[in-house]
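Number of protein chains: 2
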Amino acid sequence: MLTAKTSSTDVGQALLYPKSIALVGASDDAKKTGGRPQLFLRRSGFQGKVYPINPRRTEVQGEKAWPSLSSLPEVPEHVFVLSPTDTVVPTVQECAKLGVKLVTILASGFSESGPEGVERENQLRAIAQESGIRILGPSSLGVVNPNNGLMLTANAAFAEPDVPKGKVFVASHSGSMIGALVSRGKARGVGFAGLVSVGSEVDLSVGEICAATLDDPAIEGYVLFLESLRHGDQLQAFAREAAKRGKSVIAYKLGRSSAAAEMAATHTGALAGEDDIADAFLKDLGIARVEMLETLFEIFPLAQKIPAQTKVAQRVAVVTTTGGGAAMVVDQLGVRGITVQPPSAETIAKLQAADIPGNAGRVLDLTLAGTKYEVMMKALDILLNAPEFDMVIAVVGSSARFNPDLAVKPIMDSAGHSKPLVTMLVPDAPQALAQLTQADIPCFRTPESCADAIASVFSRRQLSVPAIVKGHATTATRALSEAQAYDLLDTLQVPHAPAATFDLQTLQPGALPFDFPVVAKVCSEHIPHKTEVGGVVLSIRSQEELAAAFATLRNNLQERAPGVPCDQVLVQPMRKGLTEVLVGYRIDPDAGPIIMLAAGGIWAEVMRDRSIRLAPVSVETAQEMIGEVKMLQTVAGLRGKAKGDLNALAQTISNLSQLALRTDLNVTEAEVNPLMVMPEGEGVLAVDALVMQPL
Amino acid sequence: MLTAKTSSTDVGQALLYPKSIALVGASDDAKKTGGRPQLFLRRSGFQGKVYPINPRRTEVQGEKAWPSLSSLPEVPEHVFVLSPTDTVVPTVQECAKLGVKLVTILASGFSESGPEGVERENQLRAIAQESGIRILGPSSLGVVNPNNGLMLTANAAFAEPDVPKGKVFVASHSGSMIGALVSRGKARGVGFAGLVSVGSEVDLSVGEICAATLDDPAIEGYVLFLESLRHGDQLQAFAREAAKRGKSVIAYKLGRSSAAAEMAATHTGALAGEDDIADAFLKDLGIARVEMLETLFEIFPLAQKIPAQTKVAQRVAVVTTTGGGAAMVVDQLGVRGITVQPPSAETIAKLQAADIPGNAGRVLDLTLAGTKYEVMMKALDILLNAPEFDMVIAVVGSSARFNPDLAVKPIMDSAGHSKPLVTMLVPDAPQALAQLTQADIPCFRTPESCADAIASVFSRRQLSVPAIVKGHATTATRALSEAQAYDLLDTLQVPHAPAATFDLQTLQPGALPFDFPVVAKVCSEHIPHKTEVGGVVLSIRSQEELAAAFATLRNNLQERAPGVPCDQVLVQPMRKGLTEVLVGYRIDPDAGPIIMLAAGGIWAEVMRDRSIRLAPVSVETAQEMIGEVKMLQTVAGLRGKAKGDLNALAQTISNLSQLALRTDLNVTEAEVNPLMVMPEGEGVLAVDALVMQPL
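Protein sequence lines correspond, in order, to chains A and B. Mapping to the numbering used here: the first sequence position 441 is 441, numbers consecutive. Mapping to the numbering used here: the second sequence position 65 is 65, numbers consecutive.
Honestly, I wouldn't trust all of these hints.
The list cannot tell twin chains apart, which means a pair is met if one copy fits it or any two copies do.
[Said to hold, decoys possible] Capping the alpha-carbon separation at 27 Å, the derived lysine-lysine pairs in DSS-like fashion look like this:
#	residue 1	residue 2
1	Lys32	Lys409
2	Lys64	Lys49
3	Lys32	Lys372
4	Lys186	Lys32
5	Lys31	Lys378
6	Lys244	Lys576
Worth flagging that the hints you see were computed from the coordinates, not collected in a lab. The model shown is predicted, which means the values in this text are computed figures rather than measured ones.
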């Protein structure tokens with residue numbers, strides 16, 4: 001029995017470089033799932049020890065078979081359990097007893113399949129916790145390391161012998177996808193330094209698996225194929241370390257559409273998180289989330305050249321030999337919010353002095369006449385040295401296919417420049433693409449993947465939040481009353497409308513510290529949704545109406561919430577802003593503390609017009625968020641309309657987000673809704689708030 | 001000199017099957033632009049006559065050269081002018097004199113380059129009009145017909161000898177793109193029956209060029225590469241005929257982003273139209289607009305199987321051998337608004353009875369265990385016959401690459417079914433793709449192009465509008481006064497708020513036929529934008545205030561619009577709806593009569609929340625439009641909110657759109673803004689309108 005949890009370094013070693021492997025349930029039939037790993041390992045010439053375990057045979061696929069793990073001459077470093085679901089728990093138990101460091105489980109039939117499965121999964125988790133053994137899976141198709149022939153996988157795709165070696169490590173929720181990624185990478189000249197089917201992450205999560213490989217010099221970057229966002233704390237810890245080491249992390253995440261999000265949930269037994277929270281999480285972690293599958297194989301050289309930033313300059317120049325081809329790239333960038341810039345007057349003068357043909361519009365079009373080595377070379381030199389550009393894109397037409405010396409070679413010869421030089425080839429030009437790829441020059445086969453890669457690299461932000469404090473997100477919660485919530489807002493310096501509280505039984509409420517009209521609301525921690533019980537009376541214009549309102553509230557409570565404790569009424573002046581927004585803080589179970597700004601009222605629901613960040617955020621980041629909520633353009637000074645106090649709004653968002661640091665306040669959720677945005681200089685004003693604390 | 005305009009049939013003949021060609025300005029240097037067509041034609045073995053014209057040489061590229069067009073032994077059917085810009089007009093003049101049917105112009109330097117160019121272009125147009133000769137270009141890189149070796153092009157990409165023969169005809173605004181399209185088509189197993197670089201469409205437009213080839217049995221479908229929408233009437237006429245013949249039309253149009261739209265405008269001298277108008281135009285014409293370049297080479301088999309419809313059922317089933325791979329397709333469809341449906345209980349029972357493995361979620365996942373010919377065959381049979389589905393998508397995992405017999409062959413063997421069966425291959429599987437492509441089975445290399453193709457095919461609508469009446473769109477216009485505009489709305493049965501008109505000089509206006517509060521507005525055909533001159537007074541509550549308002553209006557006019565004729569004041573009751581929209585009719589210079597519904601006020605600008613169709617529209621189509629304007633969800637009965645009278649809105653949209661048929665009313669533009677949407681059963685109410693007529 002292990003005495004301590006296998007260290008991350010040991011996991012990395014046992015995962016990708018095991019000296020000995022046992023295959024529990026190895027089949028003599030190499031075509032069967034249980035027979036594949038042995039076949040593949042032998043075919044690829046893996047040099048470590050491989051022990052087939054099969055109690056019913058003395059030989060498996062022509063090799064000596066062992067009856068059990070305990071009969072082996074050594075403790076294997078990595079055990080792959082290929083046997084059926086019901087044998088998994090005892091096998092893992094045996095592994096733990098023997099001191100195996102890492103066990104990978106192929107079988108499914110755990111928490112995704114009913115109460116028995118949940119029980120099995122709990123047993124696995126208990127074994128891992130007690131013994132320190134680490135578990136990969138269940139539902140893992142295994143691990144592949146092309147660099148040492150470790151084809152420890154039941155994925156039939158690896159029947160193909162030569163898996164391309166390279167620098168990219170893949171961790172995938174989907175086991176079948178790792179085969180597809182290899183073949184697509186191969187077609188595009190991209191190789192791999194490891195591929196792991198992570199399965200359902202009962203123990204080792206994507207983040208932990210990647211973290212375990214961080215010191216592997218063979219790995220220069222990471223591709224994550226994610227069905228949903230899970231174990232965010234571990235993913236964050238990994239991303240932090242990857243950023244320190246300058247290793248890019250790229251993610252393809254399913255779940256943009258609700259149908260796919262729901263599928264991922266059904267498939268893994270996890271809850272479907274909201275995609276835009278996951279999106280903000282990945283970007284805040286400096287992870288480039290791509291939209292297209294093919295971008296995964298093209299983005300790395302670009303991602304490695306551009307560091308993640310909180311505010312990235314996005315000044316892009318385009319030079320081309322084909323106007324139509326360049327226009328596609330400009331268009332695709334434009335729909336992703338990146339506007340290609342025309343050269344400055346000074347740069348245009350330099351181009352003219354150098355006799356570069358082509359009119360200086362938004363794109364420098366050399367045309368057919370300028371499709372020459374010297375012309376492209378000189379044009380690239382001028383654009384790469386122009387201070388107004390952060391990136392130059394060269395879009396090459398048909399010459400890339402039949403005469404790469406004309407316009408592709410100058411790109412290769414300009415690649416040493418510190419500024420990123422990106423290439424998109426308009427024809428089908430596999431040889432030029434392969435050359436560029438081999439030279440680590442960012443190059444793209446389609447205008448869409450080109451724009452996708454640039455947009456996703458630009459959208460990465462520098463990780464600026466503290467590590468997620470795990471714990472109270474999943475615990476049961478209770479609401480504060482509105483009056484208590486305002487006390488919290490006072491602490492956080494979030495402005496709210498003045499409020500006076502009265503005893504609910506008051507027959508003749510006294511004078512108010514503010515003018516009519518006012519609103520009266522029941523105030524109780526047991527009634528978080530006041531309107532649902534008729535707990536709000538609006539537009540009260542006098543003391544008499546106020547007294548009547550109290551009576552109405554008493555009646556409504558008696559009828560619609562009998563027995564629910566409620567002692568107080570909260571009275572507030574009616575306030576109306578130029579517009580209203582929702583500002584919400586919460587500890588998301590996957591992403592950790594997040595802050596959200598959304599358009600107010602029914603708009604938020606219909607348009608999903610909102611911006612999300614990991615909390616806490618600075619005032620500057622809050623201003624970025626304001627820029628992302630389209631509705632707020634209506635109060636940003638458009639066409640002479642009144643301007644809202646967006647500075648106060650930014651300050652307020654930042655202030656509320658500090659809850660992520662104020663663990664002493666013990667808040668899991670705080671939603672200010674609505675927050676009235678008053679005219680410029682007049683601030684913002686919360687007129688309702690819901691705060692949740694752990695029970 | 002020709003006596004009549006060359007017929008469309010003759011254009012088609014001279015374009016793709018000329019018996020004789022003259023190359024004016026043929027160069028002896030085959031590497032030069034002017035030398036390429038001759039080289040390419042000879043290399044490809046073109047059987048027609050080819051006459052190089054070069055007054056300075058007796059031989060060009062080893063063949064007899066002719067000094068001039070008039071020295072030729074016959075009148076060539078098609079003349080390609082390769083000589084410089086300043087020689088173009090006299091050459092075309094000579095062509096016309098000789099009776100040449102079609103002349104293609106390579107040179108640029110026309111309306112896109114200053115007043116001299118505009119003059120040259122006018123001369124070309126005049127020659128064409130007088131003589132009947134048809135002109136392709138200027139800025140045309142020429143014409144290619146792979147079926148007869150007609151490589152009549154200066155595009156260097158055609159140096160490559162074997163252009164794949166096939167069924168697709170390409171018309172492209174960009175000349176350089178036709179080379180790229182050929183190489184990409186080749187890589188994907190798609191061949192061509194003709195490619196035309198249409199240039200700047202001084203005479204022959206994309207629509208006319210395609211129309212001229214409609215009776216060519218070699219052509220089964222069309223790809224349009226459009227920089228902008230121009231000559232919509234001719235495009236519409238072509239689309240109408242193509243639909244009758246069952247020939248699909250696919251378009252890739254630039255200009256989704258404003259930067260690219262502006263580029264296209266600069267490039268061609270055309271005005272940049274609004275992309276969503278072009279989008280509505282293409283869809284209403286039954287043209288499938290794709291978003292991705294690669295979709296162009298994959299969409300045809302699918303487009304041919306699904307007819308354009310006004311209301312398309314979009315019930316899609318997915319069967320797969322890879323859950324992760326299928327989820328990508330489901331996700332990509334979902335973001336495009338197509339939700340994959342789970343099978344019905346009856347279908348699930350059939351699957352179970354047939355012993356098909358896999359849990360019946362949204363996607364039928366056969367898993368690794370079910371990756372077998374018989375299982376996939378049976379699953380396809382059951383799904384294709386299930387009445388709840390209109391389309392079945394099979395997503396095949398790694399087996400497609402190394403063992404296509406398992407899951408690809410059953411797809412090929414099921415292709416005879418009347419219901420569309422679509423395939424997406426998750427690994428890189430070029431051989432299986434080629435087989436499927438050759439068998440005309442819709443198959444896709446990426447989840448994105450798969451979803452793009454399905455979405456764009458589903459988005460085609462049946463052409464239901466009359467042919468565009470060309471003419472008065474570009475003529476100068478004048479506005480009607482608001483009172484006159486209401487008369488027009490009455491004629492069209494578009495409800496508006498009651499209105500009373502008074503003489504502007506009235507000092508004591510008499511009693512009103514409606515209650516206070518009212519609004520008073522200056523009423524003059526010379527003041528289309530009333531608020532800009534202080535011409536509106538709101539919230540008038542009494543006769544005294546009304547008299548004061550008249551005085552204010554008189555003052556404001558004197559100060560801010562002195563001398564502008566204005567005799568009337570229009571008074572209306574103040575009306576407030578649940579929400580307000582803009583309904584606009586206009587004759588777009590490119591698309592013809594269109595009808596637009598947009599969210600009201602500042603929202604329309606910020607969110608571009610609008611829906612457009614060609615006019616006129618039925619009430620049913622108007623209802624579809626209402627469904628596309630997101631803001632209107634707020635009055636569609638969401639979460640117990642009040643419902644607006646959307647039936648009345650649909651009727652009103654349809655009524656206003658009838659202007660397209662009422663040529664007697666002579667209206668070029670009619671914008672009802674705002675149109676108040678009242679609660680359900682209470683109708684809609686125009687409270688302002690701007691109508692433009694030709695001068």
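Verification of the supplied hints:
no.	hint	verdict
1	Lys32 x Lys409	between (49 Å within a copy, 21 Å between copies)
2	Lys64 x Lys49	within (12 Å within a copy, 77 Å between copies)
3	Lys32 x Lys372	between (57 Å within a copy, 13 Å between copies)
4	Lys186 x Lys32	within (26 Å within a copy, 38 Å between copies)
5	Lys31 x Lys378	between (58 Å within a copy, 23 Å between copies)
6	Lys244 x Lys576	neither (48 Å within a copy, 59 Å between copies)
In the structure shown, a violation is registered for the earlier hint numbered 6 alone.
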